[in-house]
Amino acid sequence: MLILGLPERFWAKTVIDDRGYETPCLTWTGALNAYGYGAYSHQGKNRQAHRVAYEAVNGEIPKHMDGDRAVTDHLCRNRACVNVTHLEIVTNRINILRGETLQAANAAKTHCIRGHEFTPENTYVKNGGRDCRTCARERQRETYGYTPRVPKTHCVRGHEYSEENTYYKPDGRRECRTCLKEQRRKRTEREREQRGPAPERKQAACNRGHEFTPENTYYYPNGKRRCRACMREQSRKRWQNRKP
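Here the sequence shown stands for residues 1 to 244, where the numbers follow full-length UniProt numbering.
Accuracy of the hints is not assured; some may be wrong.
Said to hold, decoys possible - Here are the computed lysine-lysine pairs in the DSS-like style, where the Cα-Cα straight-line distance is at most 27 Å:
#: 1; residue 1: Lys169; residue 2: Lys152
#: 2; residue 1: Lys202; residue 2: Lys169
#: 3; residue 1: Lys169; residue 2: Lys181
#: 4; residue 1: Lys202; residue 2: Lys224
#: 5; residue 1: Lys202; residue 2: Lys152
#: 6; residue 1: Lys181; residue 2: Lys152
#: 7; residue 1: Lys126; residue 2: Lys109
#: 8; residue 1: Lys186; residue 2: Lys169
#: 9; residue 1: Lys152; residue 2: Lys126
#: 10; residue 1: Lys186; residue 2: Lys202
These are computed hints drawn from the structure, not numbers from a lab.
Construct the complete structure from the given sequences, taking the supplied hints into account.
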């Protein structure tokens with residue numbers, strides 16, 4: 001005879017047990033495994049009795065849920081209970097946090113042992129556990145020592161970090177403007193030395209088309225050239241302008 005999809009011998013191993021939950025438990029009186037859950041041989045396999053009862057009424061339990069392993073949570077906190085109304089399918093993480101375990105107690109904490117609040121800015125996660133950033137900094141100070149950092153007033157070359165002489169980089173660091181100018185000047189000189197002197201470009205003729213031959217070229221003391229034909233033409237015009 002089947003009762004709720006299971007043979008009568010299954011339900012014969014249960015007893016109504018009031019544990020203070022909303023409704024009485026159906027406590028398993030048969031064999032229990034090492035974790036306190038009911039053990040039952042079903043279809044040639046050793047199964048947990050509460051999972052067998054849940055699947056008989058609600059169908060197969062999924063293996064995963066929301067990226068985590070799916071488990072059955074005893075809402076009545078009685079591991080030997082097989083009352084399907086006391087069972088809920090949840091993720092393994094939720095099941096752990098609901099239980100009376102050390103992990104659940106730590107997850108419920110809002111402050112560390114020194115009273116610092118677990119805010120997003122003051123909390124970092126390592127190996128699945130939370131740690132207080134304030135406490136971590138204090139431990140480092142105790143271990144390695146700590147000297148308050150005094151802001152520098154001058155750069156390494158002795159230039160004062162005045163408002164006009166200070167450049168702030170995008171990451172917030174300071175740089176001396178005088179040193180930056182000196183670095184640019186040296187870099188420009190170094191690049192000029194590497195390039196060498198620019199090749200001299202000499203025109204074959206002046207702007208009026210007179211060829212720069214040796215006879216038609218006049219050199220100033222500073223090395224500049226001048227067209228003699230143009231010079232004669234300018235002298236002639238000046239002389240003509242002088243005549244009454």
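Against the structure, the hints:
1. Lys169 <-> Lys152: holds (16 Å)
2. Lys202 <-> Lys169: violated (46 Å)
3. Lys169 <-> Lys181: Judged against 27 Å, a Cα distance of about 15 Å means the pair holds.
4. Lys202 <-> Lys224: holds (11 Å)
5. Lys202 <-> Lys152: violated (55 Å)
6. Lys181 <-> Lys152: holds (20 Å)
7. Lys126 <-> Lys109: Holds - the C-alpha atoms of Lys109 and Lys126 are around 16 Å apart, at most 27 Å.
8. Lys186 <-> Lys169: holds (21 Å)
9. Lys152 <-> Lys126: violated (36 Å)
10. Lys186 <-> Lys202: violated (31 Å)
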